[in-house]
Every structure is written in C-alpha cells, then in structure tokens.
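Novice: Given next are the chains, with one letter for each unit.
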Amino acid sequence: MNRLNRLVIIFYTLFLFSFVLFSYLFLDPNLFYFKKIYTGFAFTNRALVTYLYIFLVLTSFLFYLLFLKKKFNLKLLVGITCTILFFSYSAMLSQDIFNYLTTAKVIFKYHENPYLVMPIELINDSNLLFTHAANKLALYGPFWIILSAIPYLTSLGNFILSFFEFKILIIFFYLGTIWLINKISKSDYSPLLFALNPLVVIEILVGNHNDIVMMFFALFSFFLLIRKKILFASLFLILSILIKYATIFLLPVFIFTVFKIIKKQKIDWDGVFFYCSFSMILIFLLSAFREEIYPWYAVWFLTFSSLIPQKKMLLLVTLAFSFGLLLRYVPFMLIGSHFGITPMIKTFVTFVPVILAIIYGYFKKIYR
Amino acid sequence: MAFEIKKMRKFFLIGFILFTLTLYPNLAYASSSYVLPYPSAMPGSLLYRPRLFLETLQKYWYFGNLGQFKYNLKESDKYLVEAKTLFEYNQYLHASSASLKYSDEFFIRTLPFLEKAKNEGKDISEMRKTLREASSKHIEVLKKLSNELPQEFEWKAEKEKPILIHIRKEIEKSISIRTKYL
Numbered sequence: 001m002n003r004l005n006r007l008v009i010i011f012y013t014l015f016l017f018s019f020v021l022f023s024y025l026f027l028d029p030n031l032f033y034f035k036k037i038y039t040g041f042a043f044t045n046r047a048l049v050t051y052l053y054i055f056l057v058l059t060s061f062l063f064y065l066l067f068l069k070k071k072f073n074l075k076l077l078v079g080i081t082c083t084i085l086f087f088s089y090s091a092m093l094s095q096d097i098f099n100y101l102t103t104a105k106v107i108f109k110y111h112e113n114p115y116l117v118m119p120i121e122l123i124n125d126s127n128l129l130f131t132h133a134a135n136k137l138a139l140y141g142p143f144w145i146i147l148s149a150i151p152y153l154t155s156l157g158n159f160i161l162s163f164f165e166f167k168i169l170i171i172f173f174y175l176g177t178i179w180l181i182n183k184i185s186k187s188d189y190s191p192l193l194f195a196l197n198p199l200v201v202i203e204i205l206v207g208n209h210n211d212i213v214m215m216f217f218a219l220f221s222f223f224l225l226i227r228k229k230i231l232f233a234s235l236f237l238i239l240s241i242l243i244k245y246a247t248i249f250l251l252p253v254f255i256f257t258v259f260k261i262i263k264k265q266k267i268d269w270d271g272v273f274f275y276c277s278f279s280m281i282l283i284f285l286l287s288a289f290r291e292e293i294y295p296w297y298a299v300w301f302l303t304f305s306s307l308i309p310q311k312k313m314l315l316l317v318t319l320a321f322s323f324g325l326l327l328r329y330v331p332f333m334l335i336g337s338h339f340g341i342t343p344m345i346k347t348f349v350t351f352v353p354v355i356l357a358i359i360y361g362y363f364k365k366i367y368r
Numbered sequence: 001m002a003f004e005i006k007k008m009r010k011f012f013l014i015g016f017i018l019f020t021l022t023l024y025p026n027l028a029y030a031s032s033s034y035v036l037p038y039p040s041a042m043p044g045s046l047l048y049r050p051r052l053f054l055e056t057l058q059k060y061w062y063f064g065n066l067g068q069f070k071y072n073l074k075e076s077d078k079y080l081v082e083a084k085t086l087f088e089y090n091q092y093l094h095a096s097s098a099s100l101k102y103s104d105e106f107f108i109r110t111l112p113f114l115e116k117a118k119n120e121g122k123d124i125s126e127m128r129k130t131l132r133e134a135s136s137k138h139i140e141v142l143k144k145l146s147n148e149l150p151q152e153f154e155w156k157a158e159k160e161k162p163i164l165i166h167i168r169k170e171i172e173k174s175i176s177i178r179t180k181y182l
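Line by line, the protein sequences are chains A and B. Once you know that position 325 of the first sequence is 325 in my numbering, the rest is easy, because the numbers rise by one and skip nothing. Once you know that position 125 of the second sequence is 125 in my numbering, the rest is easy, because the numbers rise by one and skip nothing.
Among the hints, a few may not be true.
Cut-off 35 Å, straight-line C-alpha distance, at most; resulting in silico cross-link-like pairs (DSBU-like, lysine-lysine) [to be verified]:
id	chain 1	residue 1	chain 2	residue 2
1	A	266	A	311
2	A	36	B	118
3	A	263	A	71
4	A	136	B	129
5	A	312	A	260
6	A	263	A	186
7	A	109	B	118
8	B	137	B	116
9	A	136	B	137
10	B	84	B	144
11	B	84	B	137
12	A	312	A	263
13	A	136	B	84
14	A	109	B	161
15	B	169	A	109
16	B	84	B	159
17	A	136	B	169
18	A	35	B	118
19	B	59	A	136
20	A	183	A	109
21	A	136	B	116
22	B	84	B	116
23	A	311	A	364
24	B	156	A	109
25	B	118	A	136
26	B	74	B	137
27	B	156	B	173
28	A	263	A	311
29	B	161	B	84
30	B	118	B	169
31	B	118	B	137
32	A	69	A	186
33	B	74	B	143
34	B	129	A	109
35	B	156	B	116
36	A	136	B	156
37	A	109	B	74
38	B	59	A	109
39	B	169	B	84
In short, the hints are calculated from the structure, not lab data.
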C-alpha cells in the first residue's frame, strides 16, 4: 500500500468514527437504555445537524469515488467499515430496528402471532416507548421473523444485547452479499461498487435494514441458478420473498431463466441481471403508491446493478439515486415535520440527481 | 436477442398489470362499533368442508392467548351468522343443533383466554371491551331471532323419527351465555 492510500484509509477511519459519534446525536429521548448519553442535540440544533449530515454524505461520496478510481484493498475497507459502524446508533435515520426487536418480542416473549397481535396491544411493554408503527401488524415476512429469533433469543431479553446482535446479523448478510457479488462477477470492482456505496453503508451498516437479508437470498438464488441448481435456487428465492416480499418482482426473470436452462439455451447473464435491476427499480418506484420511497429500498436494485458496471447508464442512474435518496432525510432533519414542504423537497432531491444523470449520460453518449 | 427482449417485455407487462390491479382494492367498512361478518360457505355448499378444514388450520395460526381469544370470537361470530341464516331459511335443526351450539362453544372459550393473557401480564382492557361489544351484538341478533321464530318446531326428516326442537329455549340459553360476559 502506498503512502497516499494509507493516508486515505486513515482519513476514512476518522470519517467513520465521526459518523458513529454523529449518529448518537439522534438518540431517541424515550430510549431509556441509552439515557446517560442522551443529549437531544439533533432536535435542538436542527440546522447545524443538517449541514453536518450533508457534509458527511458528500464526504462519503468523495471517499467512494476515490475508492472506485484508485486501487484499494476491498477486504480492509469493508473490515474497517463494518467494525467501526457496528458501534453506530441504528435508529439515527429510521426506527426500523425497534420494529424488528418489538416484533420479535411479540412472538418470542409474549408467544403471540405478530400477524394478528399488534405491539400496541401489549400495552405495558417498555419497547412501546420508542417503537414507531407499533399500531401495525408484522410488516415483514415469516422467514424474517424466524431469523430474528437468533438475536432475540440469544440476548436473553437484554435490550442492549439484542440491539447489537441484530446489527451483527445484518453485518453477516452484508458480508455474504459482497461475497456473492464477488463470486458471480468474478471481479473486485463489482463488490467494491456495492459494498462501499454510501447508501448501502449508511442504510445497511448504520440503519441495519433487513433488505440486505432479502437481497442476499435473492442473489444466492441466482448464484445457484448459474450453477443450474434449479430446485435450490427456487427455494432460496422463496426464502427471499418470505423476508420482505419485494423480490416477488424477480419471478418473471427467474422463471424465464429457468425456462432457458431447461431448454438448454445459452443464457446472457448480464441481460438477466439487467432485467433483475430493472424489476427492482420498478418495484422501488411503485413503492411510492403504497407509502413512500424509502432510501434503503435502493439496496434492492443496487445489488444487481453492481454486477453489471459496464452498463454505464444504469450505473449513473443508480449512483444518482444513491445520492438523492440519502438527501431525502434532509427536510425532516431541518424542519422536524413530515408534512408541509417536506414531501415536495423529498421528491425533488430524489429525482433531480437522476434526471441530471440521465441528461449527462445521454450527452456523453452522443459526443463520445 | 430481439425475440428474447420481446418475450421479456411481455413478462414485465403482465407482471406490472397484475401488480397495479392489487394496488387498488375496494374496501368498505361499516360504521357500527361491532360488526358481524357476512355469512361464509353454508352447510350443504361445496365449499363448506374446505371452510371447516381451513378453520381447523387457523386454530394453530391464532396461537397465543390473545390470538386464541381473537380466533374463538371470530368463530363464534361466524357460526352465529350461519345459525341466523339457517333459521331464516327454516333450517331449524341444523341451525339450533349445530351452528348455534358451535357459536356458544366458541363464545364460552373467549374469556378464559383473556384471563390467561391477563395472568401473563398482558393488558386486556381493549379486548375485554371488544368482548362486551360482541356480547351485546350477539344478544341483539338472538333476541330478534327469538321474536321472529316459533317457540318449538317438530322436525320431520324422511324415514326418521320426528324431532322436537325447542327453538326459543335454545336461543335463551345462548343469550344467557353471552349475558355473563357483558
């Protein structure tokens, strides 16, 4: 490793540490387990925190572009990122982790079916103080609930332990996905493209969203399909669907590919992954009709698009989405409301970078 | 390759249409505080046995004491509506000897599950309220039936001994079961 690279890594490490510290500014006031380190800073210094957040997002993209341009040790970078961000506060940008924990509690502590009993029905439970969407039945598939038993049961009811064990579970699947991307693409570039994408890093290693688990199983399914193991591939795709349902949109591509395998026809795997990316972009966009487009949904298509970096326009669009989606947090961070001008700004920051990227890509193609 | 892309497009188009169709379900909610369900598959219908089978399976899906409470109340509602429909079609024997009886049996089981849940430290206040509302609604339906139906009825099946059905008595018994849970 040359001196410059070493310096970049030192700065990157410092950057990650600052991100960890920054995440704790968002501690929920009702999360009494962390009350000793609660400052309420993010809620009383909104403008400053917003500027800091934008600065951190921009810095993370600068590092990302640098990692893509220069030769860096992927394992080292991923290792540093996982280790440091393991200590971050997961509910910095979204409270999903509390939802995972509380749903696991409904079934494994209270022995009630989370698809029939809402957390809010367990009125005296302490998790209700900080769990959002407690008035909803289980939002995720049964396989996710089964997987959530691992961190919940091994923590023996200790909240802090289960909180960090969920992080370990997510990191495990994040590493698994990187391994699969490496195996499928047979390159170091694709895993780097995915693993260090700031959106992936923030939403998966900080936010700990289970979308990475769903995508791991979906990718594993295609990995098995490449090896013509149709039965196991189908099983893993089903498992993926049973985590968060979104990968049901991969079924047309999956069935089509299976059909070609059975017919012993030649398969254009880049084409398959292109259509997988396209399917996941489609469901990602359609999610706006259901509730809203959440930034971590981008992991659905980033997993596949990172396998085909040669598709420049797709790469540009997915990177633009990654950037824009991380800015969706800005209006709420600044204003403190999900209403008023917030939805409009969210739409603006999500789609303007994509439109600009498409225009840029189009002109680059013409004048090349 | 062009042929493949065409095929792929077809796949996506079909998938997209199916998905958008599921996006806009037409849901209607009644305004009453406690609403009984519509009658499901009735005895004699081809779907009756599959319905019973499905309900047996659901018993395991509704695990946990709160789940079991919900299951028993749901079943009790369902059989009450079934009994009401059968009474209206003069099917007195099945209505009183089966449907109403099942509704009673399921109803009796509701409160013990709530008590078990309470013993586990779960707050049951909202569900207890639901049970009271359900009891009132059941009693309202049963009283209406009691006024409309004959006190007794002699059921004569072909080549079998006639059976005297004490309709009013059966209904009063059902009302008294529900009154206890008010």
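Novice: Could you check the structure against the hints above and give me the numbers of any it violates, in ascending order?
Specialist: 3, 14, 15, 17, 20, 24, 35 and 36
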